[in-house]
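Sequences listed follow chains A and B, in order. Going by the numbering used here, the first residue of the first sequence is number 1, and it counts up by one from there. Going by the numbering used here, the first residue of the second sequence is number 115, and it counts up by one from there.
The hints are simulated quantities; they were obtained by calculation from the structure and are not laboratory data. A portion of the hints provided could be inaccurate.
Claimed, not checked - Result set (BS3-like, lysine-lysine): computed pairs, CA atoms no more than 25 Å apart in a straight line: (1) A:Lys67 to A:Lys19; (2) A:Lys9 to A:Lys71; (3) A:Lys41 to B:Lys233; (4) A:Lys40 to B:Lys117; (5) A:Lys71 to A:Lys52; (6) A:Lys40 to A:Lys9; (7) A:Lys44 to A:Lys67; (8) B:Lys226 to A:Lys44; (9) B:Lys229 to A:Lys40; (10) B:Lys117 to B:Lys229; (11) A:Lys52 to A:Lys67; (12) A:Lys40 to B:Lys233; (13) B:Lys229 to B:Lys130; (14) A:Lys44 to B:Lys187; (15) A:Lys9 to B:Lys229; (16) B:Lys187 to A:Lys41; (17) B:Lys229 to A:Lys41; (18) A:Lys41 to B:Lys117; (19) A:Lys9 to B:Lys226; (20) B:Lys117 to A:Lys44; (21) A:Lys41 to A:Lys9; (22) A:Lys22 to A:Lys52; (23) A:Lys44 to A:Lys71; (24) B:Lys229 to A:Lys44; (25) A:Lys9 to A:Lys19; (26) A:Lys19 to A:Lys71; (27) B:Lys187 to B:Lys229; (28) B:Lys187 to B:Lys117; (29) A:Lys41 to B:Lys226; (30) B:Lys226 to A:Lys40; (31) A:Lys41 to A:Lys19; (32) A:Lys22 to A:Lys44; (33) A:Lys19 to A:Lys44.
What the hints assert, rightly or not - Some chain A residues flagged as far from chain B (calculated, every beta-carbon gap over 10 Å): (34) Lys19; (35) Pro61; (36) Asp85; (37) Val113.
Said to hold, decoys possible - Per the computed footprint, the stretches of chain A lying under chain B, defined by three or more beta-carbons under 8 Å from a beta-carbon of chain B, are: (38) 38–48; (39) 89–101.
Note that beta-carbon positions come from the ideal geometry of N, C-alpha and C, so glycine has one too.
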Amino acid sequence: DTAVSQTPKYLVTQMGNDKSIKCEQNLGHDTMYWYKQDSKKFLKIMFSYNNKELIINETVPNRFSPKSPDKAHLNLHINSLELGDSAVYFCASSQDRGAGNTIYFGEGSWLTVV
Amino acid sequence: AQKITQTQPGMFVQEKEAVTLDCTYDTSDPSYGLFWYKQPSSGEMIFLIYQGSYDQQNATEGRYSLNFQKARKSANLVISASQLGDSAMYFCAMRERVLGYGGSQGNLIFGKGTKLSVKP
Chain A
1 DTAVSQTPKY LVTQMGNDKS IKCEQNLGHD TMYWYKQDSK KFLKIMFSYN NKELIINETV
61 PNRFSPKSPD KAHLNLHINS LELGDSAVYF CASSQDRGAG NTIYFGEGSW LTVV
Chain B
115 AQKITQTQPG MFVQEKEAVT LDCTYDTSDP SYGLFWYKQP SSGEMIFLIY QGSYDQQNAT
175 EGRYSLNFQK ARKSANLVIS ASQLGDSAMY FCAMRERVLG YGGSQGNLIF GKGTKLSVKP
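All chains should be modelled from the sequences, with the hints used to inform the complete structure.
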């Protein structure tokens, strides 16, 4: 059983399109995240979502919007895709936002915008 | 200022030897967690080991140990008896407490990673 699963794993799309990446966790965790890994492998938080409270990273363009239908799901919707959005997007979860709680990652979604 | 610094972009180690991957961190919060993750070429992020700021002993998980030197703000990962399958990117990361508006949001902050290559 995959603890944090995200789909699709690979996504190739044209500039200007709108796309979504879905994420589900079966760990019973309260907090979910989206991280972006750029071409230099640097990982940066985009969003965290804890008990219906959304924490937004200020540097994330508002074309990116997370949607959480329930505690086990956090989807990422991207409008008007740009070339610079090409990256690996990781969904993750943790028990809560405590400093000692491990964050577990999904397998990543490789987004290529052409 | 960078909160997590990994000074070794790439390292080589001979199979069966031990290797240390360096990590220094910067925080003024007395309560924080330090983590190491492995990212093989297949791309997934695998949690390896955790050290809490108040832990008295260094964390160990199988062949992985964390050399925690709090006064020096370092949290080096030691891999003993390297195996070919250890070849991967390794990321050091830190979580601070949630401090509310304008402060830490409790997210994981990553270093830039070290690419480890194990030679047969």
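Consistency of the hints with the structure:
Distance check on the hinted pair: A:Lys67 and A:Lys19 sit about 13 Å apart at the alpha-carbon level, within 25 Å; holds. At most 25 Å may separate the alpha-carbon atoms for a hinted pair to count; A:Lys9 and A:Lys71 meet this at roughly 22 Å. Of the pairs offered as hints, the one joining A:Lys41 and B:Lys233 holds, with about 22 Å between alpha carbons and a cut-off of 25 Å not exceeded. A threshold of 25 Å between alpha carbons decides the hint, and for A:Lys40 with B:Lys117 the separation of about 18 Å falls inside it, so the pair holds.
Taken as a hint, the A:Lys71 and A:Lys52 pair is honoured in the structure, with Cα atoms around 8 Å apart against an allowance of 25 Å. About 19 Å separates the Cα atoms of A:Lys40 and A:Lys9, which keeps this hinted pair within 25 Å; it holds. A distance of roughly 19 Å separates the Cα atoms of A:Lys44 and A:Lys67; the hinted pair therefore holds under the 25 Å criterion. A C-alpha spacing of about 10 Å is found between B:Lys226 and A:Lys44, which places the hinted pair at or below 25 Å, so the restraint holds.
For the hint pairing B:Lys229 with A:Lys40, the CA-to-CA distance comes to about 12 Å; that is within 25 Å, so the pair holds. Our distance criterion of 25 Å between C-alpha atoms is met by B:Lys117 and B:Lys229, whose separation comes to about 19 Å. A distance of roughly 10 Å separates the Cα atoms of A:Lys52 and A:Lys67; the hinted pair therefore holds under the 25 Å criterion. With a C-alpha separation of about 24 Å, the suggested pairing of A:Lys40 with B:Lys233 holds against the 25 Å cut-off.
For a cut-off of 25 Å, the pair hint linking B:Lys229 to B:Lys130 stands: about 18 Å separates their Cα positions. Simply put, A:Lys44 and B:Lys187 have alpha-carbon atoms about 22 Å apart, close enough for the 25 Å limit, and the pair holds. Between A:Lys9 and B:Lys229, the direct Cα distance comes to roughly 23 Å. Compliance with the 25 Å bound is thereby established for this hinted pair. About 24 Å separates the Cα atoms of B:Lys187 and A:Lys41, which keeps this hinted pair within 25 Å; it holds.
The suggested pairing of B:Lys229 with A:Lys41 holds, with an alpha-carbon distance near 10 Å, which does not exceed 25 Å. This hinted pair checks out: A:Lys41 and B:Lys117 have alpha carbons roughly 17 Å apart, not beyond 25 Å. At most 25 Å may separate the alpha-carbon atoms for a hinted pair to count; A:Lys9 and B:Lys226 meet this at roughly 23 Å. Taking the CA atoms of B:Lys117 and A:Lys44, the gap is about 12 Å. The hint holds against a cut of 25 Å.
A hinted pair counts as satisfied when its Cα atoms are at most 25 Å apart, and A:Lys41 with A:Lys9 qualifies at roughly 17 Å. Simply put, A:Lys22 and A:Lys52 have alpha-carbon atoms about 17 Å apart, close enough for the 25 Å limit, and the pair holds. Simply put, A:Lys44 and A:Lys71 have alpha-carbon atoms about 22 Å apart, close enough for the 25 Å limit, and the pair holds. For a cut-off of 25 Å, the pair hint linking B:Lys229 to A:Lys44 stands: about 18 Å separates their Cα positions.
Only pairs whose Cα atoms come within 25 Å are accepted, and A:Lys9 paired with A:Lys19 is accepted, the gap being roughly 13 Å. With a C-alpha separation of about 22 Å, the suggested pairing of A:Lys19 with A:Lys71 holds against the 25 Å cut-off. This hinted pair checks out: B:Lys187 and B:Lys229 have alpha carbons roughly 22 Å apart, not beyond 25 Å. Taken as a hint, the B:Lys187 and B:Lys117 pair is honoured in the structure, with Cα atoms around 11 Å apart against an allowance of 25 Å.
Our distance criterion of 25 Å between C-alpha atoms is met by A:Lys41 and B:Lys226, whose separation comes to about 7 Å. At most 25 Å may separate the alpha-carbon atoms for a hinted pair to count; B:Lys226 and A:Lys40 meet this at roughly 8 Å. Taken as a hint, the A:Lys41 and A:Lys19 pair is honoured in the structure, with Cα atoms around 22 Å apart against an allowance of 25 Å. About 19 Å separates the Cα atoms of A:Lys22 and A:Lys44, which keeps this hinted pair within 25 Å; it holds.
For the given pair, A:Lys19 sits about 20 Å from A:Lys44 by alpha-carbon distance, which is consistent with the 25 Å threshold. Once the 10 Å rule is applied to beta carbons, A:Lys19 is consistent with being away from chain B; the minimum gap is 19 Å. At roughly 18 Å, the least C-beta separation between A:Pro61 and chain B is larger than 10 Å, which holds for a residue marked as non-interface. The claim that A:Asp85 is not at the interface with chain B holds, since no C-beta of that chain comes within 10 Å of its own (minimum 18 Å).
The non-interface label for A:Val113 is consistent with chain B: the shortest C-beta to C-beta separation is roughly 18 Å, beyond 10 Å. Check on the region 38–48 of chain A: 7 of its residues sit with their Cβ under 8 Å from a Cβ of chain B, so the three-residue criterion for coverage holds. For the region 89–101 of chain A, the stated coverage by chain B holds: 7 residues have a C-beta nearer than 8 Å to a C-beta of that chain, and at least 3 were required.
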